[in-house]
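Novice: The primary structure of each chain is shown beneath.
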Amino acid sequence: MAVEIRLPTVLRQYANGVATVKADGETIGQLLEDLERQFPAMKGQIIGDDGKLHKFVNVYLNDDDIRYLQNLDTKVAPGDKVAILPAVAGGA
Amino acid sequence: MSDAKKIYPSVLDLIGNTPVVDISSLSPNKNVSIYLKLEGQNPGGSVKDRIALHMVQTAEKDGILQPGATLLEPSSGNTGIGLAMVCTVKGYSLKVVLPDNVSPERKLLLEIWGAEIIYSPGSEGSNGAVRLALKLKEAHPEWVFLYQYGNVANPMAHYLTTGPEIYSAVPDITHFVAGLGTSGTLLGVGKYLKQKNSDIKIWAVEPPAGEMVDGLRSLDDGFIPPIFTELNGQQILDRKTIVGPRASILYTRELAKLGIFAGISTGAALAGAIKCAESISSGKIVVLSPDGGWKYISSGAWTDSLDVAEAKARSTIYF
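Chain order of the listed sequences is A and B. Residues in the first sequence are numbered consecutively from 1, following the numbering used here. Residues in the second sequence are numbered consecutively from 93, following the numbering used here.
There's no promise every hint is true.
[To be verified] DSS-like, lysine-lysine: derived pairs with alpha carbons at most 30 Å apart:
no., chain 1, residue 1, chain 2, residue 2
1, A, Lys52, B, Lys97
2, A, Lys55, B, Lys286
3, B, Lys293, A, Lys75
4, A, Lys55, B, Lys182
5, B, Lys404, A, Lys81
6, B, Lys367, A, Lys81
7, A, Lys55, B, Lys227
8, B, Lys286, A, Lys75
9, B, Lys404, A, Lys52
10, A, Lys55, B, Lys293
[As the list claims (entries may be wrong)] Reference listing, derived: stretches of chain B covered by chain A, where coverage requires no fewer than 3 residues with Cβ under 8 Å from a Cβ of chain A:
no., stretch
11, 216-229
12, 309-320
13, 326-335
Everything labelled a hint here was simulated from the structure, so no lab data went into it. The beta-carbon is built from N, C-alpha and C at its ideal position, and this holds for glycine as well.
Using the sequences and the hints, build the whole thing.
Specialist: Put into C-alpha cells, the structure is as follows:
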C-alpha cells in the first residue's frame, strides 16, 4: 500500500529534490525501509545502525509523533499522511 | 496572581497562583470538561515568570549569581521578558539572544525592562538563538548563562508550583495538555501529576517545525533540549502532536468569543485538547495558556482575515 511521505528540506537532496514521495508498507518502519530502497543515499539518515530512528528525526503520522504511538511498528492506513521533520528548538 | 487582601513586598511575590477557568463550552465531547490555566495573569505576562524567578533564585543560592552580574539567555521572547523583569527588580544586567522575527511587542517589552537585545537570524528560529548564545557564552565566560533548555530549575519551577496548583484546582484531572518548547512545563507538571496519579496522561503540542528549519544544513544540527534527555522526557509524555498556525489562530479566536484574550500558542494547546477530547470517552482536561494576547495584537491574529493571519504567523515565532 502506497502512502505519501513529506520530506524535510534537509533530506530532499537525497530524493532528487522533491518534497513528497510515495512509499509502500503496512507500518512506519516498512515505509522508511522502502524509502531507503528507493533512495539509497538516504540510508543512515533516518534510521541508525541500531535500527532505531535517528535521535534528531521525528516522524509524524497524521500529526502525531510516532515515538508516542507504536514507534516504527505503528500501522498505517490508506489516506494517512506521514511527515518526517528534524528535531529543533522551540519555546519562548 | 495574588490575594487581594494582602500587601506584597515585591512584584516578584505576585508570580504564580494563576486562575483556572472552565471552557467546557468548547469541548466537542459532552463527557469531557476542559479547563484553561491562565498564565498570562503573571506580572510579566507569561508562564515564563515562574522559571525566570526560580532559575535566578537557584543560581543565587548556588553562589553562581553575584550582585551586579550580567546574564545571557536565548529566548524567543517570554523567558527573556520574565528574566528582564526579575533582573530589573534584583539589579542584574541582562542580554537576550532573540530571533529577529518575533513580534515587535516582545522586543519593546524587553527594552522597557532594560534588557539588551542581541538578534539571531529569524530564519533559524529558536535553534539559531540557542546556537548564537552558546557561542557568546564561550567568548564571555564572565556572563552568567542560566540556559532554560539545560537548567533543571526550569522544570523544577513547574514541579514546585504549576503542578501542585493544577492538582489542587482540578484533583480529578485526567489529561494535561501544554505546548512543547524547552519542555520545562510538561516535564515539571507531568512529573508532579504522575506522582499523584500515574493514570494522568500528558499531551504535548508543538508547532510545525516547517519553515523555521529551512536553515538547517544537516540532521546533525537538530536539537533536543538537554533537560528533556536528562529527565527522560519520553517517559513522561504520553502523546506529542503538531498543531499548525491556522488551527492555532482559529482556537485563539474561539477563546476571544468567550472573553478570553490569550496568545496564539494557547490556541495551539487548545487545538490539542480538542483532539484529546475527541479521542477519549470521558475526562477532565487541563490546558495551559502560556500568555495573554497583548503581545500579538500587531500580528493581526484576531483582526486580519484567517488566510492573511495564517501567512503572517508562518513567518513569525509565536510559540
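Novice: Indicate, hint by hint, whether the structure satisfies it.
Specialist: Going through the hints against the structure:
no., hint, result
1, A:Lys52 to B:Lys97, "violated (57 Å)"
2, A:Lys55 to B:Lys286, "holds (25 Å)"
3, B:Lys293 to A:Lys75, "holds (22 Å)"
4, A:Lys55 to B:Lys182, "violated (40 Å)"
5, B:Lys404 to A:Lys81, "holds (25 Å)"
6, B:Lys367 to A:Lys81, "holds (17 Å)"
7, A:Lys55 to B:Lys227, "holds (23 Å)"
8, B:Lys286 to A:Lys75, "holds (28 Å)"
9, B:Lys404 to A:Lys52, "violated (37 Å)"
10, A:Lys55 to B:Lys293, "holds (24 Å)"
11, 216-229, "holds (count 5)"
12, 309-320, "holds (count 9)"
13, 326-335, "holds (count 8)"
In this structure, the hints that do not hold are numbers 1, 4 and 9, in rising order.
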